[in-house]
Amino acid sequence: MTDYFNEMYHGGAVRAPYARLEDWMRAMPAELRSLKQAEAEQLFRRIGITFAVYGEGGDPDRLIPFDMFPRVFTAAEWARLEKGIKQRARALNAFLVDVYGRGEIVRAGRMPSKLVYQNEAYEKAVAGIKPPKGVYSHIVGVDLVRTGPDEFFVLEDNCRTPSGVSYMLENREIMMRMFPDLFRENRIEPVDGYPALLRRTLASVAPEKCAGEPTVVLLTPGHFNSAYYEHSFLADLMGIELVEGQDLFVEGAFLYMRTTEGPRRVDVVYRRIDDAFIDPLCFRPDSMLGVPGLMDVYRSGGVSICSAPGAGVADDKAVYTFVPEMIRFYLGEEPLLNNVPTWQCGREDDLKYVLANLGDLVVKEVHGSGGYGMLVGPKSSKEQIENFRHRIVADPGNYIAQPTLALSTTPTFVAEGVAPRHVDLRPYCLVGERIELVPGGLTRVALKEGSLVVNSSQGGGVKDTWVLAE
Amino acid sequence: MLLSVDHVTRYIYDRPVRGVVQSHRLSPSVFDGQAVRDWTVEVSDGIAGGMFRDGAGDRVQGWTVKGPVREIEVRVTGTVETVDLAGVLRGHRETVPAEVYLCETAATRADAALATLADAAREADGPLAMAHRLSALVSEAIAYRPGTTTARTTAAEALAQGQGVCQDQAQALIACARHVGMPARYVSGYLFASDGDAPEAAHAWAELWVAGLGWVGFDAANRCCPDDRYIRLGSGFDAVDAAPIRGTARGNGQERLDVAVAVRQVQQ
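Top to bottom, those sequences are chains Z and Y.
Going by the numbering used here, 236 is the number at position 236 of the first sequence; the sequence numbering is gapless.
Going by the numbering used here, 114 is the number at position 114 of the second sequence; the sequence numbering is gapless.
Calculated directly from the structure, the hints in this document are not laboratory data.
Computed from a predicted model, the values in this text were never measured in an experiment.
Check each hint, because a few of them may be wrong.
[Stated by the list, open to error] Across the chosen pairs, the derived CB separations fall in these ranges:
hint	chain 1	residue 1	chain 2	residue 2	range
1	Z	Arg-15	Y	Ala-106	37 to 47 Å
2	Z	Gly-222	Y	Gly-67	21 to 31 Å
3	Z	Gly-262	Y	Val-240	30 to 40 Å
4	Z	Leu-355	Y	Val-83	48 to 58 Å
5	Z	Gln-384	Y	Ala-48	53 to 63 Å
6	Z	Gly-101	Y	Gly-162	39 to 49 Å
7	Y	Val-83	Z	Arg-102	26 to 36 Å
8	Y	Asp-258	Z	Gly-101	39 to 49 Å
9	Z	Pro-341	Y	Val-240	48 to 58 Å
10	Z	Gly-101	Y	Arg-37	29 to 39 Å
11	Y	Gly-67	Z	Leu-331	42 to 52 Å
[To be verified] Chain Z is nowhere near these chain Y residues, computed Cβ spacing over 10 Å in every case:
hint	residue
12	Asp-32
13	Val-41
14	Glu-71
15	Leu-102
[Claimed, not checked] Some but not every residue of chain Z turned toward chain Y, in silico, with C-beta under 10 Å:
hint	residue
16	Asp-3
17	Tyr-4
18	Asn-6
19	Gly-103
20	Ile-105
21	Tyr-122
22	Gly-128
23	Phe-249
24	Val-291
25	Val-297
26	Pro-335
27	Asn-339
28	Val-340
29	Lys-382
30	Glu-386
Ideal placement from N, C-alpha and C gives every residue a C-beta, glycine not left out.
Required output: the full structure, derived from the provided sequences and hints.
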């Protein structure tokens, strides 16, 4: 039985940041708890925050389960994470500038060229193009797990359009509404500055040709997209227009938005659609979601696109293993946050090890996400392991493997009362003229007892995440 | 050689469309083999976008036409001085590493037949000999016969039917080269035919990356390497990616296309 780090109870005592929550939990009668849980669910329903689960069928408007027990970080813990996350965001952007420019990291032999230039996320169309302020990834979602009082690991980076930040904001909102006393008793850093900070970040990367206050829009694929709620929520909070491809058009060297007062020039597009669909004249000719001609406007400096097309080459799971190397190469610093040791099945020795130890490892697809197409060795049947073995052997380059991490737990409300459940954390780092991080993030919790998979598509829930003030 | 180009593309819609957006790769490449004397691209009632050089070294420019409009004319005219470099793309500035052109596209996927064809060149002595061999194999396997394929025909389909046009031969050669691990790309441009009649004045060929030489052009359709009869415009992974004009119209009018290209030698 693995010994998991419990973030509240450690060494037979309650850890300091959870002291007041312990009283709160003990003072709460069971009836009140179920009443509050029902209230929370009602609030989420009323707001309309639901999560459509890909490929699972059933109710697409299913609520993502919310657990009322907050997850807490001390100011000191957060300060350390913040430094590490910002360092990573800087290195990832330096890498993107480099691989679409001279490719020094490859020339120096510090990274295999194949991994970069034969990567399906590498966009030839943006090579040689310098985005404003040299930023490709404006919102970097860094997925972290904790395994001990001082041990944090980065599981993966998300450089394209990381989702979930609306949950960070809503979880806080709802907790404050339901338990105002908690927010008087604890000194909790606010997260509600995120939308303003995001807007400022986006405006800060407006192209040089933009005169005056930049016009920023959020480009969504539409209401059938599983994250549509988040798109409209963020646009609303930022006070910017939520648009679909058909609301925008190119004329000459610029991009415009149709409005009731006539066309209005757009300077920055916060896009929540994939590269392949952005512009049928540059990428998939059959895309109806994008804007024809947008890439020419972007590449000639008429508009900024956030994140920049091509940013995905920095966040695939094989490139991930080189992020510590990027930090050393571009920043001349030692990584403050550790990677999880990773075996690349595309390498012969690694593959041999992985196949011999499948029962102990977590195996993931290089381009997979959402917890699909992965094997958690210790939690899988012999048959599942054997089936997966065939898939790896058939296409080794498509898989990486990592040790099964002893993810920390935090107390979580369950049917029988309160029990430890495994959690991870996704903070959202903003990169523009400056690098900013709001003190908080999205904590995902594996609600199934013993489960290590926190993805909402696999039965995960969310929690409010507190960072305590000094 | 001093070559003049007059290239007119007319788009006619059966019903007026609400607007047209195009992306052009219609300016001659800048390299040691050609120097532009004069060059203009005009689009009837068009509004020019910003011009830029992309990572492959191509000059790209967007154009828009406001609707309602029934007909658009894109006219390219100019003169270019060319030099025979035996196909070698010398002095061409680009950012994209050759290795990027190992990637597969739907139109250039090597099926079993293309792979078998390509494998026959593996015995060649060195990469340059191999490139020549591949080009010869494709010329033999796909006969030049206009009207037998469409713009959407893939390399595999063209080989299966054993005939096609320069686009099909170029795409087949690209598929074969990539199969044997040679980066390859599609090039669009113009060709001057001295024997008067020029069915393929708007031409296409392939470039293969030959270690030591860099990019070298191979025209499987004419069984040669591009010389001073060729004007190079731009490149891409395949025909769609390298198209001199990519465009779309807003509205549901049916589009008809008229193309007229004349490439002539100018007496000096």
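We went through each hint and held it up to the structure:
Our hint of 37 to 47 Å for Z/Arg-15 and Y/Ala-106 is violated, since their Cβ atoms are close to 56 Å apart. Between Z/Gly-222 and Y/Gly-67 the CB atoms are about 24 Å apart, so this pair conforms to the stated range of 21 to 31 Å. For Z/Gly-262 paired with Y/Val-240, a C-beta distance near 35 Å keeps the hint of 30 to 40 Å intact. At about 57 Å, the CB distance of Z/Leu-355 to Y/Val-83 agrees with the hint of 48 to 58 Å.
Between Z/Gln-384 and Y/Ala-48 the Cβ separation comes to about 59 Å, which falls inside the hinted range of 53 to 63 Å. Distance hint check: the CB atoms of Z/Gly-101 and Y/Gly-162 are about 44 Å apart, consistent with the given range 39 to 49 Å. Between Y/Val-83 and Z/Arg-102 the CB atoms are about 29 Å apart, so this pair conforms to the stated range of 26 to 36 Å. Checked against the hint of 39 to 49 Å, the C-beta distance between Y/Asp-258 and Z/Gly-101 comes to roughly 42 Å, which is consistent with it.
Against the hinted window of 48 to 58 Å, the Cβ-Cβ separation of Z/Pro-341 and Y/Val-240 comes to about 42 Å, which falls outside the hint. Our hint of 29 to 39 Å for Z/Gly-101 and Y/Arg-37 holds, since their Cβ atoms are close to 33 Å apart. The hint said 42 to 52 Å for the Cβ distance between Y/Gly-67 and Z/Leu-331, and at roughly 51 Å that hint holds. Every CB of chain Z lies more than 10 Å from the CB of Y/Asp-32, the least distance being 20 Å, so the non-interface label holds.
Non-interface status of Y/Val-41 relative to chain Z is upheld: no Cβ of that chain comes within 10 Å, the nearest being about 14 Å off. Every CB of chain Z lies more than 10 Å from the CB of Y/Glu-71, the least distance being 19 Å, so the non-interface label holds. Not every CB of chain Z is more than 10 Å from the CB of Y/Leu-102 (nearest about 6 Å), against its label as outside the interface. Restraint check, Z/Asp-3 versus chain Y: the minimum CB separation of about 47 Å is more than 10 Å; hint violated.
Interface restraint check: Z/Tyr-4 against chain Y, minimum CB-CB distance 43 Å, threshold 10 Å, status violated. For Z/Asn-6, the suggested interface contact is broken, since its CB lies about 48 Å from the closest CB of chain Y, more than 10 Å. The beta carbon of Z/Gly-103 is positioned within 10 Å of a beta carbon in chain Y (closest approach about 7 Å), and the interface hint is therefore held. Annotation: interface hint on Z/Ile-105 violated; nearest CB of chain Y at approximately 13 Å, more than 10 Å.
A hinted interface residue such as Z/Tyr-122 counts as satisfied when its beta carbon comes closer than 10 Å to some beta carbon of chain Y; here the least separation is about 7 Å, so the hint holds. For Z/Gly-128, the interface hint holds, the least distance from its beta-carbon to any beta-carbon of chain Y being 4 Å, beneath 10 Å. The interface hint given for Z/Phe-249 holds, since its Cβ lies 7 Å from the closest Cβ of chain Y, which is under the 10 Å cut-off. With 10 Å as the threshold, the beta carbon of Z/Val-291 comes within range of chain Y, its nearest partner Cβ sitting at about 9 Å, so the hint holds.
The criterion of a C-beta within 10 Å of any C-beta in chain Y is met by Z/Val-297, whose closest approach is roughly 6 Å, and the hint holds. For the restraint placing Z/Pro-335 at the interface with chain Y, the shortest Cβ-Cβ distance is roughly 27 Å, beyond the 10 Å limit, so the hint is violated. Because the closest C-beta pair between Z/Asn-339 and chain Y is about 26 Å apart, greater than 10 Å, the hint is violated. For the restraint placing Z/Val-340 at the interface with chain Y, the shortest Cβ-Cβ distance is roughly 29 Å, beyond the 10 Å limit, so the hint is violated.
Below 10 Å, beta-carbon pairs count as interface contacts, and Z/Lys-382 has none with chain Y, the closest being about 36 Å; its hint is therefore violated. Annotation: interface hint on Z/Glu-386 violated; nearest CB of chain Y at approximately 30 Å, more than 10 Å.
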